[in-house]
Each structure stands twice: as structure tokens, then as C-alpha cells.
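**Student:** First to last, the sequence lines map onto chains F and P.
Note that this note's numbering has the first sequence beginning at 30, numbered continuously upward.
Note that this note's numbering has the second sequence beginning at 202, numbered continuously upward.
Hints should not be assumed to be uniformly reliable.
Below, computed lysine-lysine pairings styled on DSS-like, alpha-carbon distance capped at 30 Å [what the hints assert, rightly or not]:
| no. | chain 1 | residue 1 | chain 2 | residue 2 |
| --- | --- | --- | --- | --- |
| 1 | F | K593 | F | K370 |
| 2 | P | K403 | P | K233 |
| 3 | P | K273 | F | K33 |
| 4 | F | K427 | P | K403 |
| 5 | P | K384 | F | K184 |
| 6 | P | K434 | P | K248 |
| 7 | F | K184 | P | K585 |
| 8 | P | K273 | F | K72 |
| 9 | P | K572 | F | K184 |
| 10 | F | K184 | P | K534 |
| 11 | P | K384 | F | K190 |
| 12 | P | K572 | F | K140 |
| 13 | F | K72 | P | K403 |
| 14 | F | K189 | P | K384 |
| 15 | F | K708 | F | K683 |
| 16 | F | K33 | P | K403 |
| 17 | P | K479 | P | K572 |
| 18 | P | K572 | F | K134 |
| 19 | P | K233 | P | K273 |
| 20 | F | K339 | F | K366 |
| 21 | F | K72 | P | K384 |
| 22 | F | K708 | F | K370 |
| 23 | F | K134 | F | K72 |
| 24 | P | K333 | P | K403 |
| 25 | P | K477 | P | K534 |
| 26 | P | K273 | F | K427 |
| 27 | F | K33 | F | K427 |
| 28 | P | K585 | F | K134 |
| 29 | P | K534 | F | K140 |
| 30 | F | K427 | F | K515 |
| 31 | P | K585 | F | K43 |
| 32 | F | K370 | F | K398 |
| 33 | P | K585 | F | K140 |
| 34 | P | K585 | F | K107 |
| 35 | F | K72 | F | K427 |
Anything over 10 Å on all C-beta distances counts as not near chain F; from chain P, calculated [claimed, not checked]:
| no. | residue |
| --- | --- |
| 36 | M317 |
| 37 | F394 |
| 38 | P396 |
| 39 | W530 |
Read the hints as simulated data drawn from the structure, not as lab findings.
Just so it is clear, the structure is predicted and the values come from calculations on it, not from any experiment.
Built from N, CA and C at the ideal position, the CB exists for glycine as well.
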Amino acid sequence: MPAKNMVHLTINGKPATVPEGTLVVNAAKMIGIDIPVFCYHPKMEPVGMCRQCLVEIGRPVIDRATGKPVLEDDGSPKIQFSGRLEISCATQVSEGMVVLSNSEKAVRGHKDILEFLLTSHPLDCPVCDKGGECPLQNLTMRHGPGTSRFLYDEKCHLSKKYPLGELIILDRERCIQCGRCVRYLANIVDEPVLCFQERGRSLQIFTDSQPGFDSIFSGNTTDICPVGALTTVDFRFGARPWELCATASICPHCPVGCNLAINERREARSDGDIVIKRIMPRQNESVNEIWICDKGRFAYHYAESKERLKQPLVRREGELVEIGWDEVLSYVAENFKHAGKSLFTLTSGRLSNEDLFTLSELNNGLGGKSALYTHMAGGDLVAQLGVGKGTNLSDLGKETAILVVACDLHQEAPIWWSRVKQAADRGAHLVVANPRRTRLDRYASQVIRYPYGSEAATILAMVNALSAKQNFPKAPKFQGDAGVLKSAAEAIYSAENLIIFYGSEGLGLEGSQALAQACANLLVVTNHVRKVNNGLVGVWSRANDQGAWEIGFRPLPNLSEAFKQYEAIYIAGADPVADDPSLAETLRNAGFVVVQDLFLTETARLADVVLPVQPFTEREGTYTNGERRVQRFYPGVVRNEFWPDYAVTAAICKLVGLNVESAPLRIFSKLAARVPAFKELTYPLLAQVTEQWPIVGREEVYYGGTLYANHQGLGAQLALPSQVPSLAWPALPEVNHPEDTLLAVPVTILYDHGQLVFRSTLLHQRIPQTLVRLNPADANRLGFSDGSRVKLQLNGSPLEALLNLDDGVPEGIVVVPRSLGIPLYSPSVVELQGA
Amino acid sequence: MAEHILLRHRDIPGIDQLNTYQKYGGFEALRKAVTSMDPDDVTNEVKHSGLRGRGGAGFPTGLKWSFIDGNKWPHYVVSNADESEPGTFKDREIMEGNPYQYLEGVAICAYAVKAMDAYIYLRGEFWQIAGKLDQCIQEMEKAGYLGDKLFGSNISIRLHTHLGAGAYIAGEESALLESIEGKLAQPRLRPPFPPAFGIYGKPTIVNNVETLTNVPAIISRGAAWYRTIGTEKSPGPKIFSLSGCVNRPGNYELPLGTTFRELIMDHGRGIRGGHKIKAIMAAGASSSLIVASEEALNTPMDYESVPNLGAQLGSASVIVIDDAISIPWLINKTVHFFAHESCGKCTPCREGTYWMRHLTERISSGQATMKDVELLHEVASQMKGKCLCALGEFSIEAPMSAIERFPAEFIAVTSKPNA
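Working from the sequences, and respecting the hints, build out all of it.
**Tutor:** Next comes the structure, spelled out in C-alpha cells:
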């Protein structure tokens, strides 16, 4: 971004030099002066509603004739004050400005406004969840009047418990009408489901969505609410903030890698054990800024589920029975050693880098075969063409083009959606290529609609559109609006930066690999490689998929074959049978099967040995996010009866005679020594922090909200290989979609029937039943309506689902959400019948 | 009685019919502007006329037009017909009696600021007037005074009416713009002002009905003629809405600078029932109370002189208070009005009017002490200068001035506590 001119001013006598356009309230914050605010939030445009941030502002008097400042007798510039207080949140700095937030008048102003706010406030701090981390409480202590002149009997009384949705409760008495929640939803995430209604003292927050507060970002409003008006059902009356410890963590649910703080305390209710009370966002301006989605905030409850495996299980006479750790580990080691080269390890991006590396040590040591459980490929290309070091979506604006292809970021990586949307708001050229309508479309400069199956061909056609400039071999025939393609390609070519997000909408392994290659070609021919704010990002379905690719894991097209072929099968962090019940039979007849998981999954039920492990909340490790940032997480809850994945695998390694590390720090050092991309990384490096703007955290709760500051590390991005990969011509997968047939395509949604999220009852109302989506025209033709029950004939086996009509779905297509009970890997012709 | 310039229907019956209006020179100003004047010439003519906004602020109209941002398009004109100030009923009479002159003024303004669309925002209770205006707009379109290719030029101008839903605050220009956009009528933070950032974020000129009704006369007869009416700094005619304790309330079109005495005693035929005049509210409920001294009665009603009395001319809705009216009762009424109409967006107004309402309620019903009166004054002064828009600032005018200028009445209601 172009450097801005600097402006000089003084605030309370203290000199400040800040960029042009800075708001006075922020300029003060930058030099350590706190001006009280309620409605202003540094992530949002000012609205000047609460009037709390009043200051006196003086400006140099300019002689109209000469255009020069008028000087006082002592040679200092003459300053003129306007006589009335101004709001510092909506006033930009100007040269020579003199700001006073501590003058008698300003101090009186702060007190006056606080007195007004408190006239209608219930002052129920002793029973308020926000008490202890409440901006109103803190600012009242600092700036407010000591007593109230308002008659208690004249206070207005309103609803103390108004559920906006099933997750967020509004206390109308506490609300001070600052509108932070309304503006966050409308302007930052474009889910304007809250609004003001009525007027005057009756002005209230309402939700007008059905269901109420229908947003996947609802929890964030409770963080920025400056009073105890908005609370989550999760934390409401759960604990007092000062009793809580905060542990740094990383969200394990999607490839964004949001930084979290786990708030926990010991509770009598749990026999003095440590209990998680809530999950809060932790600031990382390069990753999640100060936000997290509701899945990240509320899904953690699976970790305390009673259904979690407590003991290792072994199959005796056909039944899984409990067994001791020593015994089971020897049993497993013995079998693995016996299998030797015939050991097959299946794992997924649910596991940390340390877990995966230890698994690879076991495999390499025994000479076995490993595979990554995923439906999406291309991580090898992301490893070569990922975004450059220092990339930050918040920095992107006019000079940048962003291509989002074959994914619905809103559902697959919510924080990326909001950050890409905001980049488009700042002027970034956004190209959205997807066969069906997604929420990002309305922010796109160009929307490219291609038929399912033409993902890679579409991107290659864009490469081809630039062929006059690049002399690239001609792309295959593409059906679609070539004009849009060409202008999108031109915009991408001329943009200074290009970031491509590619996903797996309607794609299996083969299709996503071809798409990744096509995207790689586009980056290479437009020379958007190996640079900051440029590169390829995979929209994976798991937190550490990219890490798995970097460490060397690759997917296998035919799992069933592998299950038959190998003597011993070690499945860690994957549940293939739940996704595809047809694998059950193969696995039942397979050799020695070990499943390592949190729960007795469908796959685990068929195992010979089941090994319990710890969830992310109880252990440490690192994840590599989609932007190839490696970030550390720490144990919030200590439960010694469980082991983390890497420790279980390391114990097996030792028993088979392999020399491996079992402490995460040492595992990571070894990983860094072994895998070139990790070469420069160490645990201490990942734990480093630099100053971030806005300044947030406990002391600054009035300014940024109740989220946590980052003192535990911003992580670090993996290095890119020095050579740029050469262009490759991917084999284009064919999708067979005869006319007058329906094509079922798999897509990813946020709340699915995945075994973790499903166990958090808080989210149950958001998790749909097994459903498919269809264009209303097709439904009409087939005689279905919204909400019909339908039977799908997919590869022979009939499955029942609810039908949702969606005119964003192209005709002839049946959208099948993944992990919702219908196994579908890649597009496939389907028949729909009434059920 | 001199000729009416704004309330012409009082001189010419049937001027609310298109052909009658035409017969009396109607639409000649629009024709003249479109066919023989540059848009900037029109703006300059209005500037030279010295016309000031009649909605209350008195801002020079031509100057406002010249502020329109020429780098952003399209431009819009919005006419504020939300007329909600208690005691103001002038725009209603114009629109009912002389609608074509008003609509011609809107069209000329649109031409001057290069807007193709103009919105007329009427308060919800004016639904019948909106229907009438819609009819007039249709007639004008049929007659070729609105629509495309006006008078053979390339100019297109269209007018649209829009009904509010019954909020005083919607008359505040930025809240009005929000309301047209379909949002809750809450004022916007300014700057930017509407000529730079108006409806849908586009440059917009917002003018009151009466202001625009002056425009055809200015264009037809020229700025110099216009300046012969009224005072030097406040030229032109003004409709004074006279109400309260007078014998003959109503709208009076008089030159700016006419004295209170002439309006109240001559045109209004004096105070009803032999009572004595006690106070004057010159700008509806938003007024401070002017003590009706001889000096005050002799003060000319223009934008410069009224402030000398510690008041504002505003929209010139003159409410006369006689000695039968209790001042504490009066401010209780005005404060109730503002507490009811506050939009609630900014803290001092939302909480301050609510608080003041409780205080004035107790004071006027004799259940308060002098301490409460002092507190009322403090609460009001605590609001002063801190509100987001003028509504909050105006809400304190009556109570503060009442306590300062009529202390005896407060001492009286607080000295004998009500059982």
C-alpha cells in the first residue's frame, strides 16, 4: 500500500506522529492515551452514536491572506478551540491539532455521558456475566460519577432474557444501543440479521431472521458488546471472568487456523477437575484478526463428551473389550512388526504436524505404506506455490486480484469469507468461479459459471485467454461466456497480486488435482509466484491437511484395495466407514486393524484394537493452515489418563525398535530438520509475537472487546522452494452427465454430521438433517416441492433425504452436502424418486 | 394586502388545476430555465436572490446547490415535506393549495443540480396530499413538464413521492435520507453532508417545500425583484404559521422582517379572551421561550434579529402563550414530545429526554422541589452541545429558557407540594 503522509499533533500535551486520515481516538491509543468509547470499535467505521469519546480540539489559526499559521507572541502557533466538545472517534487528525481529553471540560463530558448511560442501566454487575471484563463497568470506575441523581423508581424495566436465537441471549436492560453488533453483522460479515427497532428510550435490538440470529458469526457480537447485553448460552451464568485461566490454542475445524483462547477453571461440579468454560478468539491479524466463527466457538463440547473412549479396546471373541495400555501397545507393536512392509497407515489433517511426522517415522521405519484420508488433492502444488511469507488478507486492496474457484468460502472457511469480502470492499478485484451461486458472488467483479466437471478447463481457458501475451498451448474447448473469462483473465494478469483459493465443490481427488494444476499454471503464466500476497491456497476440509501434504502424505484413490492388500492397518484421525459404509465389509475382512480416535467411530467398531487419544484442548502441537502458517496450540485441560496421538504412535515405534522422539518440541525439531519447508522453524520462533493493531486484550477491553491479545505466538509461514514449478498439462477428468439425467455433486457445508461437531448439542439446531438441494424448475418437473422426502438411487443403493429447493443450484444438478449421510466422492448420475 | 407569492391560491382560486396554473404564468420559469439558462445560471440566480432555507436552518439555498459534488453521479433532489414541527402547517397549505408552483420549483432545482430524479418525502399523515401530488405529477408529465426531453431539450426530470411512517425525526435531513433508503429514520454522522453523500451515498440536495416554492418566482421575476421583499440578509416572503392563544391563528405570508407585534396583534387579531401575552415560541416546540416584552414584540422576524432575543426563527411557527398557560405545564408538553420523538441513536438525547420527561412530569404535577428544577436545568445543560443532531439540542431549548426566564412559575409549583 502507498505510504501515507504523516501528521503531527499533540494529545494532552504529548506529541504524536500518525498517518494522515487517522482518527483522533486511534491516534491517542497509539501513544498510550485512552479515550473512552462505546460505539466506536477499531474494526468498524465510526458512527458517533454514544458520544462518549468527547474531547476538546484546537486547530492552528491560518492567516487567510498568507496561508501561514498565525503565531502567538511567544512564537508558538495560535490555536483556536471550537468551544464545543467534539467526538474523537469521527474526527480525523490534522497538522498542528491540539487535542485535550483530560481538560476539565472533556472530563466533565465523559462523566455526563456516563451518567446518562447509567440512568437506564440496571447496574446488576454482581450477577452479570460481563462483570469483570465490562467496558461500561471499567469506564464508569474510571470516568463516571460516583452517585446517581436519577430516581431508581423511574428506571425503565425491560426483558432480562430475550433469546435472539438459540445461541445468543439479549438482556434488554443492559443494552446501551451502541449498535456494534448490528454494524458488525451488516458491514463486516454481511449477515444483517440484527437491527434496531422502535425509537427513543424504546430503541431495541431485534432479530428479523428465521431462525433467530441466523448467523455463523453470532458469537463475535458478544465479544464486542461493551456491556452484558449479549451473552452466549454457553457461558451465560457459567463463571466469573476473573476465575478463568486462558490457554492459547488453534481452532481444529477448518484450514483458516483461527487463534483461540481456551478459558477454563477448576469446578466443584466436576470434582475439582479443570473444565472449559468457553472458547474465545485470540488476536492474530494475519489469520483471524479478532474473530472466530460459531463452529469454532461452540463445537468444542465434544471434548467433554461422555461418549469419549476412556480405555484402549481389544477384540476378544468378536467383542471389543477394555484392555490396559501396556498390554495393548505390545500387542499392536507385535502385529505391526510382524506386518513390516505390509503396514498401511491411514491418517488425516485432523492430526497435528507432530502426530503426522511420528506416524511417518513409524511407516518409514517399517517400510510400510501411508495415505492421507481426504477427498481433495493438490497440496503438493500449494507446497510449491503457496502464498509468500508475510501474506495478509487484511492488506489486500485495489492492487490485488483474488480468484475463488470451486468452493463456498462462507461455509467452508468462514473467516476467509469475511476477509476476502472485506478485501473486495477495499477494492480488490474478486473473481468467483463456481457452478452454483455462493454468497461471495455479490462482492465479485466477475462471476464465472461453469458446468460441474469443467473446473480445470475453465481455469485453463483463462490461461488460454492470455495466450496472446504468454503463448500458452491452446486450452480445450470450453462452454461458457468467453467474454467474462477473458476480462477476468485480463484483470488477473494486470493485477499486482493474485491469490487463488481453490476448493473441492463437486470434485473428488482427480478433479481437484487437475484444478490445482490449472490454478498453478495461471499463477505461473501471470507471474504471481513466490511473492508476498500472491499464491495458491487450498480450501481443505481439515485444519492440518496442508501440513499433511507438506510432511509427505498423499491421498490414495482406492482405499478398499489397500484395506484388502495390507496385513496391518493403522487408522489415526480418520473415519472412512462413516463416510462410505461400503468400506465396512472390506475392513471387517481385513487383517489386523488398529483405529486411534476420540470416539468409537463406525471405523473403530470394526477394528481389532481401538486406542483413545486426546482432543486439541488437552494437548499441544502445531497445525499448518491453508496459508501455510504453522501455529502452536497448548493444553488447556490436563488429563493424564489420555495420551496425544504422537505419544501413542511414539510408544508403538519404541516397541517395534524405532528410535523416535516423544516430546513435541523434539519431534518438531526433527521434523524441521527432515522436511525442507519447515527448515527455519522452531517452537520458540512460532511463539514469537510482534505488536499488532488494533491494541486489544484485557486492559483494552473497552476498545477491542473481550477477546484475548496474543502473547503466545503468531506462528510462522513455511518457506517456498526456490524453483518455480514448470507448467503441466493436467489430464482433464470427464464427467458423464447425459441429457435429461440428474447429476449429484458433493459440496462442503459448515455444520455437518461429522463426529465431532455432532456431539456439541449447542449446535444441533444448526445441523441440518440429511438433505439434497435441487433447482425449483427440476423439482417442479419431477413433482417435488420444498421439504419433500426423496429417495436417491446412487450407485445402486437407495438413500432417503429431505429436499431443499434452491434457485442458486443449476438445473440438472442435485447438490449433496458432504458428511450428511450420503456418501458421494465425485459427480455421479443420480435418480430421484418420491419417498 | 399585498399579492401572495407562495400562497397564490388565496388570490387565484383554482390554481391547483394545471390549466389555471398555466394561465397565470405557470411553468414559464421551468421553461425559461431549461430552454435559456445553464444549470449554473439557475443556481447563481437563486444565490443572488438571497433565498434562505425555509425548513428552519436558514442556510443560503443557492450556496447549498453549488456544493453538489460534480464528480459523483447520479445527483438527486429530495424535497422535505415531512413538516412535523409542532405549530408548523405552512408546507401543507402550499401543497394543498398551490401544488404546481411547488412541483415546478422541485423541477427547477433538479435542473439546476443536474438531477434526473427528485423525491418528495411526505409525512405519513399527508397521504391524501401525496395522492394529490401524484395526480399533479401525472398531469405535468402528460403536459410535457416532466419526463424526458423537456421542452425539446435532452433534459429528463422525474418526480416521485414517498410517504414516511410517522416519526418527527424523519424530518431531519439525514434521517430523512435513511428513511427513503428503507432504513430506520436515524440521523447520519456528518460530515459528509448530503451534497457530497446523500441518498444511496450520491450527491443530494435536500430542500424544504416552502424554499422550493420560492424558486419559480425568483427565476421568472429575477433575483433583484426578489430582494425588494424582506430584509437585506433575509430577503423574500415567509409564511408564518401562527398558533396558540391568538384570536385568528393561521398561515400568514409576510415579508421577512415583519415584527412579532404586526403578526400577532394585527394579523392574528390579538390575544384571545382578553388575556395578556406572556411568551412566544418562534420555532415551534424547538423554541426557547421568548419573554413577550414590548421590545420582543417590536423585533423583526428575520434570521438575524430573533437571535438577539435568545431564540431562533426556525421554520417560523409562532406559538403564542398567554398568561393563562402555566410554563411548567408547557415545558412538560414539549419535553414529552421530544422524549417521544427522540430516535434513540445518541446517548444524551435518548437518555436525557427520558430523564427530563420524568422531571417535568413531576414538576408540572406539583410533586417536585426546587432541587428537581435545578436538576432539570443541569440535565438539559449536560445534553447541550453533545447530541448527534439538532433534535436533541432543540429539546432543551424550552426547558432551559423557561427555568431561566420564568423562575417564579417554578418556585410557585414547587413551593406548595401536592398532597
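**Student:** Give a verdict on every hint.
**Tutor:** Hints and how they fare:
Simply put, F:K593 and F:K370 have alpha-carbon atoms about 14 Å apart, close enough for the 30 Å limit, and the pair holds. Annotation: proposed proximity of P:K403 to P:K233 holds, straight-line Cα distance about 28 Å (limit 30 Å). Restraint check for P:K273 and F:K33: the C-alpha separation of about 24 Å stays at or below 30 Å, so the hint holds. Distance restraint check for F:K427 and P:K403: the Cα-Cα separation of roughly 22 Å lies within the 30 Å cut-off, and the hinted pair is therefore satisfied.
A hinted pair counts as satisfied when its Cα atoms are at most 30 Å apart, and P:K384 with F:K184 qualifies at roughly 29 Å. Between P:K434 and P:K248 the CA atoms are separated by roughly 12 Å; this keeps the pair inside 30 Å, and the hint holds. For the given pair, F:K184 sits about 22 Å from P:K585 by alpha-carbon distance, which is consistent with the 30 Å threshold. Using a Cα cut-off of 30 Å, the hinted pair P:K273 and F:K72 holds, with the two alpha carbons roughly 27 Å apart.
About 19 Å separates the Cα atoms of P:K572 and F:K184, which keeps this hinted pair within 30 Å; it holds. Between F:K184 and P:K534 the CA atoms are separated by roughly 21 Å; this keeps the pair inside 30 Å, and the hint holds. The hinted pair formed by P:K384 and F:K190 meets the criterion: a straight-line CA distance of about 27 Å does not exceed 30 Å. Restraint check for P:K572 and F:K140: satisfied, since their Cα atoms lie roughly 20 Å apart, inside the 30 Å limit.
Of the pairs offered as hints, the one joining F:K72 and P:K403 holds, with about 25 Å between alpha carbons and a cut-off of 30 Å not exceeded. Pair hint F:K189 plus P:K384 holds up; C-alpha atoms about 27 Å apart against a cutoff of 30 Å. Distance hint between F:K708 and F:K683 is fulfilled; the C-alpha atoms sit about 26 Å from each other, no more than 30 Å. For the suggested pair F:K33 and P:K403, the alpha carbons sit about 27 Å apart, so the restraint of at most 30 Å is met.
For the hint linking P:K479 to P:K572, the alpha-carbon distance of about 25 Å falls within 30 Å, and the restraint holds. Using a Cα cut-off of 30 Å, the hinted pair P:K572 and F:K134 holds, with the two alpha carbons roughly 24 Å apart. Taken as a hint, the P:K233 and P:K273 pair is honoured in the structure, with Cα atoms around 27 Å apart against an allowance of 30 Å. The suggested pairing of F:K339 with F:K366 holds, with an alpha-carbon distance near 26 Å, which does not exceed 30 Å.
Among the hinted pairs, F:K72 with P:K384 is consistent with the structure: their alpha-carbon atoms are about 23 Å apart, no more than 30 Å. Among the hinted pairs, F:K708 with F:K370 is consistent with the structure: their alpha-carbon atoms are about 29 Å apart, no more than 30 Å. Note on F:K134 and F:K72: the hinted pairing holds, with a Cα-Cα distance of about 29 Å set against a maximum of 30 Å. With a C-alpha separation of about 28 Å, the suggested pair P:K333 and P:K403 falls inside the 30 Å cut-off, and the hint holds.
Under the criterion of a C-alpha separation no larger than 30 Å, the hint pairing P:K477 with P:K534 is consistent with the structure, at around 21 Å. At roughly 19 Å between alpha-carbon atoms, P:K273 and F:K427 fall within 30 Å of each other, so this suggested pair holds. Among the hinted pairs, F:K33 with F:K427 is consistent with the structure: their alpha-carbon atoms are about 16 Å apart, no more than 30 Å. Restraint check for P:K585 and F:K134: satisfied, since their Cα atoms lie roughly 13 Å apart, inside the 30 Å limit.
Between the alpha carbons of P:K534 and F:K140 the distance comes to roughly 28 Å, so the proposed pair stays at or under 30 Å and holds. Distance check on the hinted pair: F:K427 and F:K515 sit about 19 Å apart at the alpha-carbon level, within 30 Å; holds. Taking the CA atoms of P:K585 and F:K43, the gap is about 29 Å. The hint holds against a cut of 30 Å. At roughly 7 Å between alpha-carbon atoms, F:K370 and F:K398 fall within 30 Å of each other, so this suggested pair holds.
At most 30 Å may separate the alpha-carbon atoms for a hinted pair to count; P:K585 and F:K140 meet this at roughly 14 Å. Restraint check: the Cα-Cα separation between P:K585 and F:K107 comes to about 27 Å, which is no more than 30 Å; the hinted pair holds. A C-alpha spacing of about 19 Å is found between F:K72 and F:K427, which places the hinted pair at or below 30 Å, so the restraint holds. The non-interface label for P:M317 is consistent with chain F: the shortest C-beta to C-beta separation is roughly 26 Å, beyond 10 Å.
Every C-beta of chain F lies more than 10 Å from that of P:F394, the closest at about 14 Å, which supports listing it as non-interface. With a least beta-carbon separation of about 19 Å from chain F, P:P396 lies farther than 10 Å from that chain, consistent with its non-interface assignment. Every beta carbon of chain F lies more than 10 Å from that of P:W530, the smallest distance being close to 20 Å; the non-interface claim holds.
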